[in-house]
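Keeping the supplied structure of chain A fixed, place chain B upon it in accordance with the hints.
Going down the list, the sequences are from chains A and B. Numbering of the first sequence is given in the working numbering, commencing with residue 1 and proceeding in unit increments. Numbering of the second sequence is given in the working numbering, commencing with residue 1001 and proceeding in unit increments.
What the hints contain is simulated information worked out from the structure, not anything from laboratory work. One thing to keep in mind: the hints can contain errors.
Said to hold, decoys possible - What follows is a set of in silico ranges between Cβ atoms, one per label pair, in the way DEER data are often shown:
#1 A:S448 x B:R1196: 19 to 29 angstroms
#2 B:G1548 x A:L207: 17 to 27 angstroms
#3 B:R1561 x A:E188: 35 to 45 angstroms
#4 B:S1186 x A:S324: 57 to 67 angstroms
#5 A:E188 x B:K1489: 29 to 39 angstroms
#6 A:A47 x B:C1466: 49 to 59 angstroms
#7 A:L207 x B:Q1395: 40 to 50 angstroms
#8 A:P185 x B:E1331: 21 to 31 angstroms
#9 A:D25 x B:S1193: 44 to 54 angstroms
#10 B:D1573 x A:S324: 45 to 55 angstroms
#11 B:R1566 x A:P185: 43 to 53 angstroms
#12 A:D25 x B:P1398: 28 to 38 angstroms
#13 B:P1524 x A:P185: 38 to 48 angstroms
Stated by the list, open to error - A few chain A residues facing chain B, derived, Cβ under 7 angstroms:
#14 K116
#15 A131
#16 M133
#17 D134
#18 I136
#19 V177
#20 P180
#21 I184
#22 E186
#23 V442
These numbers come from a predicted model, not from an experiment. Where is the CB? At the ideal position from N, CA and C, for every residue including glycine.
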Amino acid sequence: MSDVIAAIATAATPAGIGVIRLSGDTVFEVGERIFRAKSKKRISDAAGYTALYGWVYDDQGDIDECIALIFKAPRSYTGENVIELSCHGGLYVLQRALRAAISAGARPAEPGEFTKRAFINGKIDLTRAEAVMDLINANNRLAAKTALASSEGALFRRMQKIKHDLTVAAAGLSAYVDYPDDDIPEVEPKSLDNVLANAQSQLSDLLDNFESGRIMREGIDTVIVGTPNVGKSTLMNLLAGCERSIVTPIPGTTRDIVEETIRLGDVVLRLADTAGQRITADDVENIGVQRARERMDRASLVLIVFDGSQALTEDDLKLAEVASKQTAIAVINKSDKPQIINDEYIRRLFKHVVIISAQKVKGIDDLKKALNEVTGLSVLSGDQLLLSTERQRDCARRCLENVDKARDALSAGITLDAVGVCIDSAISALLEMTGERVTETVVDEVFSRFCVGK
Amino acid sequence: MGYFAGRYDVAVIGAGHAGIEAALAAARLGCSTVLFTLNLDWIANMACNPSVGGTAKGHLVREIDALGGEMAKAADMTLLQSRMLNRGKGPAVHSLRAQIDRREYTSVMKYRLETTPGLDLQQEEVIGIKRHEKGWLVQTKLEGEYLSKTVIVASGTFLKGKVFVGDINFDGGPDGMFAANALSSSLQQLGISLRRFKTGTPARVLRSSIDFSKTGKQQGEDPVIPFSYETKTKLENKADCHITWTNEKTKDVIKRNLHRSALYGGIIHGVGPRYCPSIEDKIVKFADKERHQVFIEPCGLKTEEMYLQGLSTSLPVDVQLELLHTVEGLENVKVIRPAYAMEYDCCDPLQLDSSLEFINIPGIYGAGQFNGSSGYEEAAAQGLVAGINAALKVQGRPPMLLDRASSYIGTLIDDLVTKGCTDPYRMMTSRSEYRLILRQDNADERLTPIGRQVGLVDDERWENYCQRQSAKKAERQRLYQTIIPPNEKLNQILVSCETTPVSTGVRLEDLLKRPQLNYEKLLPVDKKRPKLDPMVKDQVEIELKYEGYIKRQQSAIEEMRRLESRQLSVDIDYTAIGGLRKEAQEKLMKVKPTSLGQASRISGVSPADISVLIVWLNSRQNH
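Just chain A, same shape as in the assembly (with noise of 0.2 angstroms):
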């Protein structure tokens, strides 16, 4: 018996055509959740290797129209039944339709599991074992780096604030129950209920905003910084225009909330949309060099421009020893121009130096390079980090689920052992990405926090 797993099988870029591939014993059974077919004919009664038209849809409405082919197990790519869903190319539609599946009881595949099952149902040759456990060793090391890059962002930052305020709840009950005739503060239901639902509600937060798309477009928090006149709207420019952008504007979403997200090389990254979010030394000067900071704080990457042509400024002095504190890569632009700028100050200050023209759209290539080494990602592409999204989301969705059950449980005044364990499973969904065991991070919390024992 395998359950249904589900994932985008086409790379994420604009294309014409995008694939989601789902794989199990009950696939048709959730194909029929999220697909309609024109003709009205159902696809547990279409034979193997044919086609329908149809409607992928989910409960907001139709997402796209597509083929869906069906394949009948053992003829399939992973040996079981499969289902492929052709849409139309664009991540929005794609990472909808792979949502819908995984709604309607698929969950998302661990790297490399579809070859997984090939190998395990026999459709891949004894002789490739090694290759299939290689690829799913890389497919895992890249996972593991999109969720990095992820973790540089608010959705990781948010789950695990959750995760520390479950733990610290479980740890107190644990303490509470493990050790009655010590000095524990009783656990009172009222103020753990408060803890849950204030779980509940920024689960809740977390979940909407996956909906609404902000999440999955979410890169590398990324602010480019320089005073005026070096050189800041012409990389900007050249960013979003010289690779495409991965991601449309989401209907419903207002414009002035919208950053662009755009893909260099292999790192995508997330620029402020409006000139206004830049930061020049004219906000140094009058807004204050702590606002410049709490800006640049707030990003996990900081591209600070300087112009090559000119001798640094006191600004510009001010502008880098903020950058200098954060992660950051020193731009050097104008490279076409007779170069005047004390450069050797530069790399006393920043481990990342690249010169660049913007204008002439020369040395970009040093530039990913850079991105590749700061970011520690040699390889991400849209689809991989689409799917560590979808994933978290997923453990976030599972996380709610339990923690719901856990106030559920409270409030019909089931005794605090059930609760406990309805927390410890919720805590259990959001460790999942990281492979820790909740028994032992609750157990740890339970030691820091509380003077326990004889």
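Just chain B now, kept in the frame of chain A:
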């Protein structure tokens, strides 16, 4: 020159809580067994607190009993006071705890050992274990050579034991006994890697020197619920415990003298248990806490000795006295045994498999504190498992492996052999992810069939067990089939219990499921209720009330057991499996898991590594 002292199936080193369970189990399973102890008068010594059970530990005692161990029975026979802890916090965390007459406990256990057929007791220090073509040669200080097919090391805190009191330290075991200094190097020669752990115990004081008018009283609970399913006699509470608190003055004394503590003076290098901090630890680490609790517990009926739970310390004796005298009720207390800290050798349990046998040294087993655990109950549980498995090995039968879903014993062993431990391991309910199923009330249901299969559960007990099970089944059926029509009396009960009244017929089962109701409250509408064993009643009610939660845990267990059923051989060379990450390879080589399930619980082994292992296993099977 040594003399040949005898031929045995199982040799057990150490007659503490682990060693006696191991020896009894092995002998009862028909193996000729020899049990070595440094001192016959201190068999089953409670070197620290005079009590058995407590949260999660009470569960362990019940499980030991269900498998056919001895601890529960001996505790019932010698208890001074008993309480069910955590009432009101839910059935998963109900735990029995009993104060024990510790010298009585020793006598009972010693007599049990002396009268068990096939079991020889020897007061002798084991100084070496040597490989022999027919097993192992166990060598003693008095030059005895015992040939045994299997050896269980249950050396407690005795291996290179060192006692610390302030800046004074000396070789020794607990309670003034000798240390066992020779065996460590012999174990190392066999390839066992050892490390230093630390523990400690508070002072014992004279009852007549305590002013009980200034302390609180803690009495036992009536009726006393026994640990053992076989205890039929009515048990009584015979003594009280008392409670007092440290204060600012105590804190001052400790702070002023911290440099004189063996712990803080840097003399002790061993790793101490996190859950069992010394009073100086508590004051340093939880500086904001104004006071710490001290329980005054009786050590027995025929002694004035009292144990001061909460005041374990390695401070010198003059400071101990000064600090005790700051505590209310202890102003004039007389110390008859000073507190001390101890260091000892123990093994890294990652070297063991789940049968508690050393992976690389077949025939040698470890149990108890030697394996890095702490606590009498944890020790006894491991001793029982090691004893059973040594016997099964001798008899050519497959080992008894308890998984995490079966018991706290299984959880304890899995934690030890899979994750290892960085400080002495204590069982807690929060360590079990399946704790709504692993309850103390259903330990017999979970483990008696296993004990029966192994051969430690006799016919009478098995008969009783089967009767209880069928009574339970019948009652579940009755509750399902009995439908109470809506009536005034029922709705009166429902309203008075603050739950919704009914307008249609309702199954008794569905009524019992409501958190507000119980057997007692439903009596007026449940006239045809047969006479029920209170244990059956408890279990049925818990199963119904927590049905949803239990079902969820059960499906998690099924998932876990799927991975558990994929076995891994201990001689797999993980470094040769290319797809595994380096970290995973190293961890797998160290732990040598016996199943994919165990592998998946090793920290540092990712789900992707497990996927790689599955592929690898499949490719091997198909070849």
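Taking each numbered hint in turn, which are not upheld by the structure, reported in ascending numerical order?
Result: hints 7, 15, 21 and 22 break, sorted rising.
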